[in-house]
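Visitor: Take a look at the letters that make up each chain.
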Amino acid sequence: MSMMGDAISHAVLPGLAVAFLVTGSRASVPMFLGAAVVGVLTALFTEWVRGLGKVDEGASMGVVFTSLFALGLLLVVQAADHVDLDPGCVLYGAIELTPLDTVTLAGREVPRVVVMLGVVFLLNLTCVLVLYKELQISSFDPALATTLGINARGLHFLLMTLVAVTAVASFETVGNILVVAMLVVPAATAFLLTRRLSVLLVLAVGFGVGSAVVGHVAALAVPAAFGYASTNTAGMMALTSGVGLLVVMVVTLLRRGQPLRD
Amino acid sequence: MLTLSPPPPAATPTRRPVLAPLGAEHSPEAALSIHDMTVAYHRKPVLWDVDLDVPPGSLVGIVGPNGAGKSTLIKAVLDLIPRVSGRVLVFGKPYRQQRHRVAYVPQRESVDWDFPVSALEVVAMGLYGRIGWFRPVTRRHREIALHALERVGIADLAHRQISQLSGGQQQRTFLARALVQEADLYLMDEPFAAVDAATEKAIVRLLQDLRAAGRTALVVHHDLQTVAEYFDRVVLLNLRVVASGLTETVFTRENLQKTYGGRLTLMTEAAEALARETPAP
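The listed protein sequences correspond, in order, to chains A and B.
For what it's worth, this note's numbering labels the leading residue of the first sequence as 1, then goes sequentially.
For what it's worth, this note's numbering labels the leading residue of the second sequence as 1001, then goes sequentially.
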């Protein structure tokens, strides 16, 4: 499942490129549509490759997302000949530039991406709160969910769409690396500490926020301490989340003598 | 009444009137009635022309070699995998209209036991259909779930994360989850697989309780030695229904040989001996 988020965040690239090529703009709505469509397609393709090719789900995902990602890169390079859709930006984002692009909200100037990501955050929060038990059962035991009349397949696609939309909303700002890191690492860290889903969700969000704040400060402070200019913020945030996971792992190992898993 | 798919040559015609009087097949009262069901994976048929009627209040064992289609039979009944042809009726109506009357106990290996939920939460999942979309699990639901865990004897483990349960306790959790569904028909896929002796006894007791309450259970079973002891009826399956009916009539050396072919081992000899010695209930 954590692979699926990774896969989708890569695979949405052709969706973005096509949306851009078709509309000729980077407006949010076509981008989201492109991402949502490709998000669902990724989940579908993965199912097909697994079913028809009789390969393991991980392998199937690997095939689908690398192919789609490559296709996306080709399209982006094609499009970038004409306009400013920069492959570099797609990889590590431009979080440092966000304050320059603002909109007016309730009489105050706020960065445009804050509004966009705020909306996506509320969308995700609503879905998780409203569909908590449905998402839980269809992740844990989709067959049982189906026999109870809960459409596990539909929920799977909804989840994949949310991942795709979230990834796209974040791409422009923070880039692919941080998106992938934030999809997996905070949740994995929280999983080391708890076996309760509700607690895990809150902890994971906490770790994500913590990594962002610490990473931001570290991006400014750490290179400066060695006499260099500040480094890429998104990269440092991703690295911080990884270090956080390592720290938690070591601490749990020392305290329990073994990971919680056993 | 249990009826047979196209009977193996010379096998059953003489018994037929005993098991299923002609013309009485697919009676509307049957708990489960499967008619001419064929299932295929990628065009390769894995179940052929299954014809089966299960009378209410019976415990039915489904027996057959690996790859015989035992799990497939259950999943096809539940619409979890598509049928190529055939009809399935649950208490006289299509499954989709009777969903709430059917509980499913999947194979234990079918889920990820590292998933962050407790035993109680897993049991409560059995109530999700009844609770309905968007509504939260309340304290009343948790009480129902706890009561079900009591019935399977592991109420004290209710708040354990499921990876910290033994195989037998995990299986009991699954059974408790089926219990809260208050179903009339239970479809169980290998509930006895790799469980301890105490759990095996608990499951048998549970099955008997269900039967006493007029419920019906169809159980995929792998241990031929206990078939005669646990089940009133048996379905011998190997891509087709080789034979089905009352255990004492159908669970014979001849039929087992047909079902398992060359794969029949010493174990069957023992099972057979048991079948002969177990007096009819």
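Any given hint could be a false lead.
Unchecked claim - Derived coverage of chain B by chain A (criterion: at least 3 residues anywhere in the stretch with Cβ under 8 Å from a Cβ of chain A; other residues may be distant):
| hint | segment |
| --- | --- |
| 1 | 1114 to 1122 |
| 2 | 1125 to 1133 |
Claimed, not checked - With a Cα cut of at most 35 Å, we get these calculated DSBU-like pairs of lysine-lysine:
| hint | chain 1 | residue 1 | chain 2 | residue 2 |
| --- | --- | --- | --- | --- |
| 3 | B | 1258 | B | 1093 |
| 4 | A | 54 | B | 1075 |
| 5 | B | 1044 | B | 1258 |
| 6 | A | 54 | B | 1201 |
| 7 | B | 1075 | B | 1044 |
| 8 | B | 1044 | A | 54 |
These aren't lab readings, by the way, just hints derived from the structure by calculation.
Think of the CB as a built atom: it goes at the ideal place given N, C-alpha and C, for glycine as much as any other residue.
Visitor: Which hint numbers doesn't this structure obey?
Guide: 6
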